[in-house]
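K.L.:
Sequence:
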Amino acid sequence: MRCLICGGINTLMGARATAFIQETQAARRKRGRRVAWQAFGQRVLARLAGMIRAERTNRFLWVPVFLAVGIGIYFSLPVEPPFRRVLAGGACLVAIALGWRYLYAWPSGAGIILIAIITVTAGFMLAMIRTQMVAAPVLTVETGFVDIEGLLLEVEEGPDGRRMIIAPSQLGDLEADVMPARVRLTWRGDGFAAAPGDVIALRGNLSPPPAPVAPGAYDFARQLYFERIGAVGFAVSTPRVLTAGEPTTGHRIESLRLALGRRITEAIGPDRPAVAAVCVALVTGKRDAVPPQTEAALRDAGLAHLLAISGLHMGLAAGLLFFVIRFLLVQSEYLALHYPVKKWAAAAALLGATAYLLISGAAWSTQRAYIMAGIFFVAILIDRRALSLRNVAIAATLILVLRPEALFQAGFQMSFAAVTVLIAAYEWWQKRQLDKPYDPLAESKLAGPLGGAWRYTAGLAMTSVLAGWATGPFAIFHFNRIAAYGLAGNLLAMPIMGFVIMPAAIMGLVLMPVGLDWIAWQVMAFGVGLVIDIATMVSGWPGALVHVAQMNLSGFLTVIAGGLVLCLMKTALRYGGLVMVLAGFLLGGHSPQPHLLIAPDAANIAFRLDGETVLLNRNRERFAAGVWLTKAGQSDDLRDVATVPELARDGRGSACDQTGCVLRIEDQTIAISDTPLTLAEDCGMAQLVIARYPVAQDRAGRCRARLIETGQIARDGTLAITIDRNGRVTLRTNRAARGTRPWTAGGVG
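Its first residue numbered 1, the sequence shown is counted upward by one per residue in full-length UniProt numbering.
Just so you know, not all the hints are guaranteed correct.
DSSO-like cross-link-like pairs, simulated, lysine-lysine; straight-line CA separation at most 30 angstroms [claimed, not checked]:
| # | residue 1 | residue 2 |
| --- | --- | --- |
| 1 | Lys570 | Lys431 |
| 2 | Lys431 | Lys343 |
| 3 | Lys431 | Lys342 |
The calculated label-pair distances, taken between Cβ atoms and stated as ranges, are [as the list claims (entries may be wrong)]:
| # | residue 1 | residue 2 | range |
| --- | --- | --- | --- |
| 4 | Ala655 | Tyr575 | 51 to 59 angstroms |
| 5 | Gln42 | Thr571 | 15 to 23 angstroms |
| 6 | Arg639 | Gln522 | 34 to 42 angstroms |
| 7 | Phe499 | Asp147 | 47 to 55 angstroms |
| 8 | Gln331 | Leu351 | 15 to 23 angstroms |
| 9 | Leu77 | Glu227 | 18 to 26 angstroms |
| 10 | Gln331 | Arg622 | 58 to 66 angstroms |
| 11 | Gly727 | Asp657 | 21 to 29 angstroms |
| 12 | Ala583 | Gln170 | 55 to 63 angstroms |
The set of hints was computed from the structure by calculation and includes no laboratory data.
C-beta: ideal position from N, C-alpha, C; glycine also.
Full structure from sequences and hints, please.
P.N.:
Laid out in structure tokens, this is it:
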């Protein structure tokens, strides 16, 4: 019995001991896993902190990015912020930050965050100050035909007329305090003999600057506001020169550009107007004379960037001057051994780049290219590294400080995107080559003429691919199109651009004083003709132009942010940019298209039917209709788009008669009323009625349907209407999208 009891006790104690041991081991394992995870987390955090510390050397690269954020915040506000309060608040914030920096040591993370806050604030304040600096009266109503006198500032010569910018001294009966500082007029007649700097008189009709053609579309009035142009219109009488004024330096430069363009056109001859117009555009930056079909062919072939004087043109022109002058100088052994001929060549090239900037009109892309070229050659003069992302950041910062509104120019965005990606890729490749062991066999394969040709072709192809990737999101967002064969077009055209066109342009400018420039212009015309032929061929290939619907703004910004992270960071953190780029494309998607777009006065209406945009009338508001179609991912050729009356004749979901049309969208009946006689009937049968005439308030109140009439459109501007599956109608107006800002004073559109 005692043995049985003892055995039971031993068994029980053994079981408890075993359980205790197992629990202890489990606790140890759990604690070990926790310690391991803690150690792993600490290693990850330490690695992350190390990468963040390593990125501190690239902080300056983010200065223009944060400036752009502040500028974007300012322009996205629905109302103009109080100038003095914001200025005082921003100054206080900067003072607090500098005081903190002076009195206390910043932690690295806090310092970076505070620098970002200060830079964003600076961008906001710069944009606001710039808006105040260019403030000028804006016309609010159409003037009718009035007498205009003023100083001629600029002239753009096109194939069907001239576009003038005038600083008016008399504009009908307008008082001086409400007279625009500048007006833009088009004259389509002959007998134009005025030059910039002359005081001219004419008769014309002026209107307020045009509003966006749809809510959220490009705001032309904002662009004109920052050019201090407060009215646009057309002349109906030949401009008469009242006084041949004393031209300023700016007027002389403008006159030189006009004379140079005419000289090139005369040298090439009247039988090749498209070639002459492109040559003039490449030298003077004046593109108005380029025929639309030529511009479309270049655009569809991925060669539209050739018309905008940018880094390509400035680099070829200044680089050619630099290498030719340096080559000539080193032919003298004495000069090469005793003097810094490389610096002499850099100084001469910088002067040439400055001259090219002036005669080309100094567009945004040209300014960026000039600043980059200037930094490049100054770096040579002071024995510094010439090509780096830091120089790109300096150029972007200078432009954003001087012209914050440039941020919203597609040319500014695409120009900096391309150069940033190219230099980031160059720096990555250079580092990769330095880290790779030297291989004499591989080097020998790339030696000689064949190796040089291979390097040039590969470099050109890679440059075209990288530039295409960099500018692709901007082309989708701004222009809603992709050139499918852009790589092929660039591979065929760029050698001609580099070896024929730009060298001939430089020679033409050099030979002009001795009267032999016509030879160079003929050579340049030959090269331009080849490029136009290539563009025409490539744009004619099947599927050359791909139309895409409007990209979502949040997705677009995510793609841009990801691209910046990928290009500006140097540690493994940069690969997070790839995730952001993919997220921007995949998650951002495309903006939902409105079911209806109604132009001012209901002159034209676009309908979204079964995924396709159709128009009420293809002959009214043609420009707006083309933009509507483009934003929907369709061709802007109005000949290819159906109209509601045509659908009614074919029995395809609509019915029309002399009093209007009726159609169904998302199971909702929509009536387009052309006459007040049928308004009561339309209000009784439809859920949404669009009256293309004013409706009195008492009569509108008796309409059971949702009523939109021209009086509302006149108040709110172009309307975008979305109908959800439950039949709920959502309106977005130009007035709400634009807000109340200085550039909206001319009307909502």
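K.L.:
Work down the list of hints and note, for each, if the structure agrees.
P.N.:
Evaluated hints:
1. Lys570 - Lys431: 11 angstroms, holds
2. Lys431 - Lys343: With a Cα-Cα distance of about 27 angstroms, the restraint between Lys431 and Lys343 holds, given a limit of 30 angstroms.
3. Lys431 - Lys342: 26 angstroms, holds
4. Ala655 - Tyr575: 51 to 59 angstroms: Distance hint for Ala655, Tyr575 holds at roughly 57 angstroms.
5. Gln42 - Thr571: 15 to 23 angstroms: 19 angstroms, holds
6. Arg639 - Gln522: 34 to 42 angstroms: 38 angstroms, holds
7. Phe499 - Asp147: 47 to 55 angstroms: At roughly 53 angstroms between Cβ atoms, Asp147 and Phe499 fall inside 47 to 55 angstroms, so the hint holds.
8. Gln331 - Leu351: 15 to 23 angstroms: With Cβ atoms ~21 angstroms apart, the hint holds.
9. Leu77 - Glu227: 18 to 26 angstroms: 21 angstroms, holds
10. Gln331 - Arg622: 58 to 66 angstroms: Holds: the Cβ-Cβ distance is about 60 angstroms, inside 58 to 66 angstroms.
11. Gly727 - Asp657: 21 to 29 angstroms: Since the Cβ atoms of Gly727 and Asp657 sit about 25 angstroms apart, the hinted range of 21 to 29 angstroms holds.
12. Ala583 - Gln170: 55 to 63 angstroms: 57 angstroms, holds
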